[in-house]
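Undergrad: Residue-level listing of the chains:
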Amino acid sequence: MIILILLGIVVAVVVWAIATYNRLIGLRNQVLNGWRQIDVQLKRRHDLIPNLVNTVRGAMEFERDTLTQVMEARARAVSATGPADAGRKEGELSQALGRLFAVAENYPTLKANENVKMLQEELTSTENKVGFARQFYNDISTRFNTSQQTFPSNIFASMLGFKPAELFEVTDAAERQVPAVDLSMRK
Amino acid sequence: MVVFVAFLAFLGYGFDRFYLGGGSAPFPIGSVFALGIGSVSALSSYYAGDRAVLLSTGAIPTERAIAAASEEDRLKLRQLENVVDEMSIAAGLPRPKVYVIPDADPNAFATGRDPDHASVAVTKGLLDALNREELQAVVAHELSHVRNLDIRLMTVIAAMVGAAALIADWTGRGLLRSESGGSSRGRDRGKNSDGLGIILLVIWLAAVVVAPLIGQALAMMVSRRREYLADASGAELTRNPLALARALTKIDAAESPTAAIKRGTAHLCIADPLGRVIGLHEGKWANLMASHPPMKNRIAALNEMGFQ
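Going line by line, the protein sequences match chains H and G. This note's numbering numbers the first residue of the first sequence as 1 and each following residue consecutively. This note's numbering numbers the first residue of the second sequence as 1 and each following residue consecutively.
Everything labelled a hint here was simulated from the structure, so no lab data went into it. All C-beta atoms, glycine included, are put in the ideal place defined by N, C-alpha and C. A portion of the hints provided could be inaccurate.
[Said to hold, decoys possible] Listed next, the stretches of chain H that the computed footprint assigns to chain G, with coverage defined by at least 3 CB atoms under 8 Å from CB atoms of chain G: (1) 6-18; (2) 42-54; (3) 96-102.
[Unchecked claim] Below, simulated DSBU-like cross-link-like pairs (lysine-lysine); rule was C-alpha separation at most 30 Å, straight line: (4) 250/G / 296/G; (5) 76/G / 296/G; (6) 76/G / 97/G; (7) 124/G / 97/G; (8) 43/H / 76/G; (9) 124/G / 250/G; (10) 97/G / 117/H; (11) 111/H / 76/G; (12) 117/H / 250/G; (13) 163/H / 89/H; (14) 43/H / 97/G; (15) 117/H / 124/G; (16) 111/H / 124/G; (17) 117/H / 76/G; (18) 124/G / 76/G; (19) 89/H / 117/H; (20) 111/H / 163/H; (21) 89/H / 43/H; (22) 163/H / 43/H; (23) 111/H / 89/H; (24) 76/G / 250/G; (25) 124/G / 296/G; (26) 117/H / 43/H; (27) 250/G / 97/G; (28) 250/G / 111/H.
With these hints in hand, go ahead and build the complete structure from the sequences.
TA: Following this line, the structure appears as structure tokens:
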């Protein structure tokens, strides 16, 4: 009888361990996928920018500097290495783009141009997608970390070598102070 | 939900005890049988329902709508596609199919059996009335219905409402027949039982009479709770509850009902497409049969989230 009870407990523990392990693996894959999703969106942004610059170049003859700054910031962001470096350079690119759109406000013909509007919408959306991809990454990482660190799965998680995922943060103190650039086309 | 199952079990138990005469069986065979029939009808709507709904509302896929649209509309439609993309990234869901409904009243709904087979449809009126941020909030609300599996839940509930109605229907016919045909097993049962049995019989008969009504009311109760949930998890996706509050205010201000959307999909819309009038007076009875909570309460709840 006692043997049966013990056997039951062992089976229950094993089933629980398998379930926990599978849940953690599932979460870890989601975290990895979330991280790649950020890269996908950043890549999309890099691809869109030359398009935008070419479209507005004709109308913005006198704003060479702004345009060059955007292209340079883009080149730096594309060649960035490592998450911290990329984070900072992508931030600079966002700022350069923000300046470009602020300057573009002074060109009525440009503002009325359907192509420019469409490109602006695409860029706004890409900016949002980068933001939401980071948000999702942080959400899912937090869930992953929490399920690793709460009792009783914490005993098990560290035994199997699960490590908490790093959250995405604003690394640059200066960037934190810069007000968010509003690219949306509110009338 | 638990109340619902209990109610159905009680109906089935009474059915077995008083009608089939199998009072000794602890298992509600009658309700299981009715639930089986209800499930078959629900399953067919589960697999084909989204197509039927989209067809009945005249929804057009955005890709096709963009090809035919004017310059300005094209921008709006592209914006809709982008916003759906953004929100599915934020929710970590596969991108649903996007449709636009040629209807001037602002409304939106989601359908499909699971996140892999989901569709989001938005009326033309909504695109015209809302700005980008508000549109994003509405899409987040709809994607929350998808993520919380509300579509599946409401299908299950539709099956149970159907089963309750079936039992009520069968009993009604049975009683009529036994009226003309003399004594039936069910009546003998009732006579031979003790006092408790008679009381049970009376309660059960009363329950049967109002079963379709109660079934509907319970279903709507679940639907209303899921609306609050979708509002809250939508705000979690955008991190911007005030945009949804503004969008709801604008949607509420539009008077006309959404002609293109029929009753079957009401619980998946962002705002009740039929009962605008019900939303206005807030009596207990009006609330009981509404698929959506009063707009005022939803907006208040969102504003609270925003100001905390």
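Undergrad: For every hint, state whether the structure bears it out.
TA: Okay, the hints, checked on the actual structure:
no., hint, in the structure
1, 6-18, "violated (count 0)"
2, 42-54, "violated (count 0)"
3, 96-102, "violated (count 0)"
4, 250/G / 296/G, "holds, 12 Å"
5, 76/G / 296/G, "holds, 28 Å"
6, 76/G / 97/G, "holds, 17 Å"
7, 124/G / 97/G, "holds, 16 Å"
8, 43/H / 76/G, "holds, 24 Å"
9, 124/G / 250/G, "holds, 14 Å"
10, 97/G / 117/H, "holds, 24 Å"
11, 111/H / 76/G, "holds, 16 Å"
12, 117/H / 250/G, "holds, 25 Å"
13, 163/H / 89/H, "holds, 28 Å"
14, 43/H / 97/G, "holds, 24 Å"
15, 117/H / 124/G, "holds, 20 Å"
16, 111/H / 124/G, "holds, 24 Å"
17, 117/H / 76/G, "holds, 11 Å"
18, 124/G / 76/G, "holds, 10 Å"
19, 89/H / 117/H, "holds, 26 Å"
20, 111/H / 163/H, "violated, 49 Å"
21, 89/H / 43/H, "holds, 13 Å"
22, 163/H / 43/H, "holds, 28 Å"
23, 111/H / 89/H, "holds, 28 Å"
24, 76/G / 250/G, "holds, 18 Å"
25, 124/G / 296/G, "holds, 24 Å"
26, 117/H / 43/H, "holds, 21 Å"
27, 250/G / 97/G, "holds, 25 Å"
28, 250/G / 111/H, "holds, 27 Å"
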